[in-house]
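Undergrad: Protein chains in written order, with numbering that gives the first Met the number 0: chain Z, 0 to 91; chain C, 0 to 509; chain V, 0 to 118.
Hints may be right or wrong, so weigh each one.
Now the stretches of chain Z that chain C is said to cover, found in silico as 3 or more residues with beta-carbon under 8 Å [unchecked claim]:
#: 1; region: 5-11
#: 2; region: 28-42
#: 3; region: 72-81
Think about it this way: if two alpha-carbon atoms lie no more than 27 Å apart in a straight line, the pair counts; the simulated BS3-like pairs of lysine-lysine are [as the list claims (entries may be wrong)]:
#: 4; chain 1: V; residue 1: Lys13; chain 2: C; residue 2: Lys390
#: 5; chain 1: C; residue 1: Lys60; chain 2: Z; residue 2: Lys51
#: 6; chain 1: C; residue 1: Lys495; chain 2: C; residue 2: Lys381
#: 7; chain 1: C; residue 1: Lys368; chain 2: V; residue 2: Lys69
Hints are computed from structural coordinates only; laboratory data are not their basis. Quick reminder that beta carbons are idealized off the backbone N, C-alpha and C, glycines included.
Here is how the chains run, residue by residue.
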Amino acid sequence: MSNKKNTAFIIVQDNEDARPIIEAIEQDNDGVIVQYQPGMVRMERAGSLIVKRETVEELIGREWDIQEMHLVLISIAGNVDEDDDKFELSWN
Amino acid sequence: MAAKRLNLRKRYELLTRGMGWETTYQKMDDVFPYDTFEGIKITDWDKWEDPFRLTMDSYWKFQAEKEKKLYAIIDSFAQNNGQTNLSDASYLSAIKLFLTGVTPLEYGAHQGFAHLGRHFRGEGARVACQMQAIDELRHAQTQIHTISHYNKHFNGLHDPFYQFDRVWYLSVPKSFIEDAQSAGPFEFITSISFAFEYVLTNLLFVPFMSGAAYNGDMATTTFGFSAQSDESRHMTLGLEIIKFMLEQHEDNLPIIQGWIDKHFWRAYRLLALVSAMQDYMLTNSPMSWKEAWEVYFVENGGALFEDLGRYGLKMPKYHELATAESEHLSHQVWSVFCLLGNATGFHAFLPTEEKMDWLSEKYPDTFDKYYRPRFEYWAKQKAEGTFEYIKGLPQLCQVCQIPMIFTEVESDPMQLSFRDTKHNGDRYHFCSDGCKDIFENEPEKYTQAWLPVHQIFQGNCGGPTLEEVLEWYKFAPEDVSDYIGSQDHQRWQEWKGKDKDTPAKTEANG
Amino acid sequence: MTINARDGYVDIVKDKVENFHGNQLVYVCWDDHLIFSAAQAFPLPPEMPFGALISEVMTPVFNLHPDFAKIDWPAVEWTVDGEKFSPDMEASLKDNGVDHKSLIRFKTPGLMGINGTRY
Ligand SMILES: [Fe+2]
Ligand SMILES: [Fe+2]
Ligand SMILES: [Zn+2]
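This is chain Z alone, in the form it adopts within the complex (with noise of 0.2 Å):
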């Protein structure tokens, strides 16, 4: 059985869009874990996960729409607070 008790997770294809979205995970996440599976890249992480706008920004170098996400989004776990420079996934 699993002990693992609040996490959140988010899923994203495994394509060149998502790239700088798993990179900006990556960086702005301690302790996020990333999993290749065939076709799609799971992030988990205790608690919450963040997607920064300006990571993405930074990454990419060109204005990016935190809505453009759900261009290459799977699934997620968590409390959804989304505003026009975060997406945020928690549980209470």
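We have chain Z; now place chains C and V with the ligands onto it with these hints.
TA: Chains C and V with the ligands only, in chain Z's frame:
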């Protein structure tokens, strides 16, 4: 200079607030006749908020983008004869079950959300449901469109919607979605958005679509993940609506808990079909059903219900049993399909040696002990030419409509699980306490169940013989029975330049 | 409990015995022989003698299993709807207490499936 673009929160507010009004010519209750009878008390609809704050204009923009990508891939898949790159043509049995069993569910979800998009009193909730209604229609369409390519080359993909309304094992998903659709709007959304999409849908789409990638099925991976990108939004809607209802009034809690208990069990039973797809029908599986259950239910569901615990909500009833069953489920379901394989619209086949070794490794406590012996027994019979399909028809559960194949996994895994009750003098049978509870809470609903086996006996399915029933199902002779020796198999052998008489990988046992 | 519905609920019982053209539904399960996966369903006249249930109905289905030929019929342990009973082979199903949607289970002592696997 252009004015600065409004921020997300503001844009969302403008889209979803102040668009409705208190009606004067007609009573509000007459305009929205469905959102009160279930007993859910809503005091302030404006408290409902979509955390994605997706506005219609961005919705169209992103959806158009997704479609463009998807269709570009479908085109190149077709142009490059992508079907020849599959791991094995037996893999297509999973796609056949998907098209006939899941795609019509997408359409049913579309109908249900279109209804909610009209009948919820709150504009925010209506907009979210309208978007989801369009999404679900898109899912049904893109699935049909993508899989139509396989229909040019393989059997069994010709009449999914017709079959959904008739075929014995498809009554399982059909009865699930119709159960939800015939409930009120709050129960529908609890069932579909929360119990199914939030709690369980990852089990269907994530490992299975990853499995499609693993088996060289680019087309399915692409439509699957494209649909999943909408699913994240649907899941969020499911979680939000639950929190919203619980925050609105304390009287809502027991009603919602009852729905979660019911629809968790309904959806979980439906996923029994998926467990077999995952472990047996995928030539190569990236993850076993048990592993997927552990990650996506035990872990993820655990975190979810711990979070919702602050509202007094508990884990769904019988979730411990579902976890105990994860050691057995796929083996029990696939066994039935193997023995009734002359009546399935996809080809059943025995697991290869390689597959059985993988199953032993993934299920060290159960596969060799309980299930390997039967597959080896059939393999021997097939080799000797003495294998026979079962001639009888199985007893079905009154609620989930699955043949009553489940066993007492917690006490004696080789003992079938029987439950029954009497209602107005008639006896009703169930596969589990979960299904029995559901019946006893709403007997008037489930006495109406269209149970395929009983319908055959009542003379409503084309005739009394197997041939007549299969004809009525529109199962052509080449659609049914073993993969080995089927037209699909022969075609595959030709493409791969293998002699029809040389045993293929899958033939090792039979 | 009863259903909560806006316009009431139409009382339909899809599987009333009247819908089976003179037959009643009977389910039969052979314990410790899971090859059959589930109890088997049969539409049968209530007047059918119990002996005929065995010879005409059960045999063609259950003889799929190699144990079937070895059954010592007088030693078989029967239950109907959870109650132990000893069927009268000459009497009808109805007179043996088998009614619409009854579940008959039988155990065959000494026979425990293929290689004793209860399968
Ligand atoms: Fe969908
Ligand atoms: Fe959905
Ligand atoms: Zn059931």
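Undergrad: Indicate, hint by hint, whether the structure satisfies it.
TA: Comparing the hints with the structure gives:
no. : hint                : in the structure
1   : 5-11                : holds (count 5)
2   : 28-42               : holds (count 4)
3   : 72-81               : holds (count 10)
4   : V:Lys13 - C:Lys390  : holds (25 Å)
5   : C:Lys60 - Z:Lys51   : holds (22 Å)
6   : C:Lys495 - C:Lys381 : holds (24 Å)
7   : C:Lys368 - V:Lys69  : holds (25 Å)
When each numbered hint is compared with the structure, no violation occurs for any of them.
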